[in-house]
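> Now for the letters of each chain:
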Amino acid sequence: MDLLDYAFMQRALLAAVLVGVTAPAIGTYLVQRRQAVMGDGIGHVAMTGVALGFLLNASPVWMATLVAVIGAVGMELIRSRGKTSGDIALAMLFYGGLAGGVMIINLAPGGSTANLTSYLFGSITTVSAEDVTAVVILAAFVIAVTLGLRRQLFAVCQDEEFARVTGLPVRFLNLLIAVTAAVTVTVAMRIVGLLLVSAMMVIPVAAAQRVTRGFTATLSVAMVIGVLVSLSGTTLTYYIDAPSGGTIVLLAIGVFMVMTALSTPLARRRANAARAAEEVCTRDDVKV
Amino acid sequence: MESQPAEAADQPVISLRGATASLGSRPVLRGVDLTVRRGEVVALLGANGSGKSTAVRAIVGQVPLSDGELALFGTDFNRFRAWSRIGYVPQRTTAASGVPATVREVVSSGRLARSRFGVLRKSDKAAVERALALVDMSQYADASVNALSGGQHQRVLIARALAVEPELLIMDEPMAGVDLANQEVLANALREQVAAGSTVLLVLHELGPLEPLIDRAVVLRDGCVVHDGPPPEAVGQHALPGHDHVHPHAAHGAEPLRTGLLS
Numbered sequence: 001m002d003l004l005d006y007a008f009m010q011r012a013l014l015a016a017v018l019v020g021v022t023a024p025a026i027g028t029y030l031v032q033r034r035q036a037v038m039g040d041g042i043g044h045v046a047m048t049g050v051a052l053g054f055l056l057n058a059s060p061v062w063m064a065t066l067v068a069v070i071g072a073v074g075m076e077l078i079r080s081r082g083k084t085s086g087d088i089a090l091a092m093l094f095y096g097g098l099a100g101g102v103m104i105i106n107l108a109p110g111g112s113t114a115n116l117t118s119y120l121f122g123s124i125t126t127v128s129a130e131d132v133t134a135v136v137i138l139a140a141f142v143i144a145v146t147l148g149l150r151r152q153l154f155a156v157c158q159d160e161e162f163a164r165v166t167g168l169p170v171r172f173l174n175l176l177i178a179v180t181a182a183v184t185v186t187v188a189m190r191i192v193g194l195l196l197v198s199a200m201m202v203i204p205v206a207a208a209q210r211v212t213r214g215f216t217a218t219l220s221v222a223m224v225i226g227v228l229v230s231l232s233g234t235t236l237t238y239y240i241d242a243p244s245g246g247t248i249v250l251l252a253i254g255v256f257m258v259m260t261a262l263s264t265p266l267a268r269r270r271a272n273a274a275r276a277a278e279e280v281c282t283r284d285d286v287k288v
Numbered sequence: 001m002e003s004q005p006a007e008a009a010d011q012p013v014i015s016l017r018g019a020t021a022s023l024g025s026r027p028v029l030r031g032v033d034l035t036v037r038r039g040e041v042v043a044l045l046g047a048n049g050s051g052k053s054t055a056v057r058a059i060v061g062q063v064p065l066s067d068g069e070l071a072l073f074g075t076d077f078n079r080f081r082a083w084s085r086i087g088y089v090p091q092r093t094t095a096a097s098g099v100p101a102t103v104r105e106v107v108s109s110g111r112l113a114r115s116r117f118g119v120l121r122k123s124d125k126a127a128v129e130r131a132l133a134l135v136d137m138s139q140y141a142d143a144s145v146n147a148l149s150g151g152q153h154q155r156v157l158i159a160r161a162l163a164v165e166p167e168l169l170i171m172d173e174p175m176a177g178v179d180l181a182n183q184e185v186l187a188n189a190l191r192e193q194v195a196a197g198s199t200v201l202l203v204l205h206e207l208g209p210l211e212p213l214i215d216r217a218v219v220l221r222d223g224c225v226v227h228d229g230p231p232p233e234a235v236g237q238h239a240l241p242g243h244d245h246v247h248p249h250a251a252h253g254a255e256p257l258r259t260g261l262l263s
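So the sequences go chain by chain: A and B.
Residues in the first sequence are numbered consecutively from 1, following the UniProt record's numbering.
Residues in the second sequence are numbered consecutively from 1, following the UniProt record's numbering.
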């Protein structure tokens with residue numbers, strides 16, 4: 001395969017594998033607690049970080065990580081208050097982050113919103129060696145948290161009140177989920193792009209759910225789908241010269257549709273079995 | 001009234017004194033006293049909005065007390081860390097979430113109170129299997145909770161609490177939306193727990209099949225205790241077990257639904 005002869009493609013494919021593993025891994029927990037849009041919000045906030053990187057002549061990846069983590073912690077604090085006004089506060093944070101990014105990038109010497117395009121939609125040619133180092137370190141953190149603490153995170157996302165009464169440090173774990181989601185956003189930023197990163201957190205999980213019954217199975221299948229689509233999307237981008245983020249996300253949606261089609265007969269059979277079971281139950285009840 | 005010296009045997013498992021709590025600006029508990037001793041089965045009864053659920057959630061630290069004292073197993077609540085002694089069944093109509101999970105996975109999460117680092121050893125797995133068997137859900141262990149009926153959801157939530165192997169079982173409306181057949185299963189599970197020496201505090205809308213198990217009933221009205229003694233028998237209050245309580249269940253059972261119509 002000649003594409004592996006290019007150093008930039010080696011870096012892009014390595015970054016793609018790490019995106020494919022990490023985004024669905026943290027995404028499974030976000031979907032579990034019905035917080036699927038959180039990744040989208042963090043992606044918006046991370047824009048300010050990228051722009052700050054340009055302005056301060058610092059690494060956009062590390063600046064984006066810093067700002068995204070601060071934003072995600074803010075979102076978690078708003079969420080944990082559970083106020084109805086939280087929705088509005090989150091919207092302020094999302095769009096404030098996006099608007100801040102657009103403003104700051106234009107203040108940077110020679111900067112314009114054009115600089116942001118590759119960060120918004122992903123680009124395989126721009127993954128620098130320095131980026132790869134950052135992405136590997138950040139991805140290792142995400143994998144350690146999402147797999148190493150999966151029983152604790154599962155409990156917290158399944159039933160927060162119950163988790164608190166088992167004595168788990170729920171507040172800490174919630175903050176950890178937020179920070180991990182933020183870190184994942186910056187892992188995915190170079191390949192998938194900030195506007196599409198949330199898709200990689202959600203779509204592989206949704207696709208996996210079509211065929212799985214358990215949590216560990218969903219987590220594993222989602223990660224496999226994530227790696228498959230991000231690797232094939234990155235490779236395809238090499239030949240067709242399109243933004244990698246769009247290609248990867250469209251492939252993920254394709255996988256979702258195929259799995260939905262495949263699983264429909266399965267789901268129908270399960271629904272029939274469940275209905276049959278309920279009919280038996282009803283007759284029992286009448287007897288009682 | 002003040003914290004007693006450590007005298008394990010005769011110490012109340014739950015000691016709530018003069019508890020007041022508010023949700024928003026609305027006072028929900030207005031000076032509630034509740035003592036549960038070792039081995040007792042206490043039912044907390046009352047109409048909707050009487051504060052019974054808030055009282056239970058305050059006891060497990062989910063609602064802050066604005067005044068009053070709370071001690072669990074003789075330890076002041078602020079210093080209480082022995083969560084593995086408590087099995088908690090929060091008020092839920094479903095054990096499902098946004099991602100599929102098997103019955104065993106949900107029940108295993110109860111075990112985290114004992115296996116803090118999340119590694120399930122042989123003894124943990126055995127406890128999970130025992131809990132599943134207690135609520136008669138072993139045959140569904142690998143099924144997705146999304147595929148269960150309402151009564152089975154409650155059985156899973158109770159198994160999750162039993163997996164802790166608790167000394168004290170606290171249940172918030174475990175019978176809500178559960179048909180009679182499932183209520184019998186739950187009553188059997190509870191009977192075995194009580195026979196093994198567990199202490200139980202449960203919020204109920206009506207006593208139902210659990211009636212023979214209940215040692216004492218505490219009735220709340222508008223955030224105050226109005227009765228603390230033997231379970232009331234067929235009094236005229238609509239929140240208490242009435243003579244007609246069988247009929248709504250039969251009607252409910254005939255039309256299987258997942259959510260608690262009765263709650």
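It should be emphasised that the hints constitute simulated quantities derived from the structure, not laboratory data.
Incorrect hints may have been included.
Listed below are several chain A residues computed to face chain B (Cβ distance under 7 angstroms; list not exhaustive) [stated by the list, open to error]:
#: 1; residue: Thr28
#: 2; residue: Val31
#: 3; residue: Gln32
#: 4; residue: Ser59
#: 5; residue: Trp62
#: 6; residue: Arg79
#: 7; residue: Ala155
#: 8; residue: Gln158
#: 9; residue: Phe162
#: 10; residue: Val165
#: 11; residue: Gly167
#: 12; residue: Arg171
#: 13; residue: Gln209
#: 14; residue: Gly214
Some but not every residue of chain B turned toward chain A, in silico, with C-beta under 7 angstroms [as the list claims (entries may be wrong)]:
#: 15; residue: Val60
#: 16; residue: Tyr88
#: 17; residue: Gly98
#: 18; residue: Pro100
#: 19; residue: Ala101
#: 20; residue: Thr102
#: 21; residue: Glu105
#: 22; residue: Ser109
#: 23; residue: Leu112
#: 24; residue: Tyr140
#: 25; residue: Ala141
#: 26; residue: Ser144
#: 27; residue: Pro232
Model, not experiment: these values are computed from the prediction.
Every residue gets a Cβ at the ideal spot worked out from N, C-alpha and C, and that includes glycine.
> Run the structure past the numbered hints and jot down the numbers of the failing ones, going up.
As far as the earlier hints go, 4, 5, 6, 12, 24, 25, 27 are violated by this structure, in ascending order.
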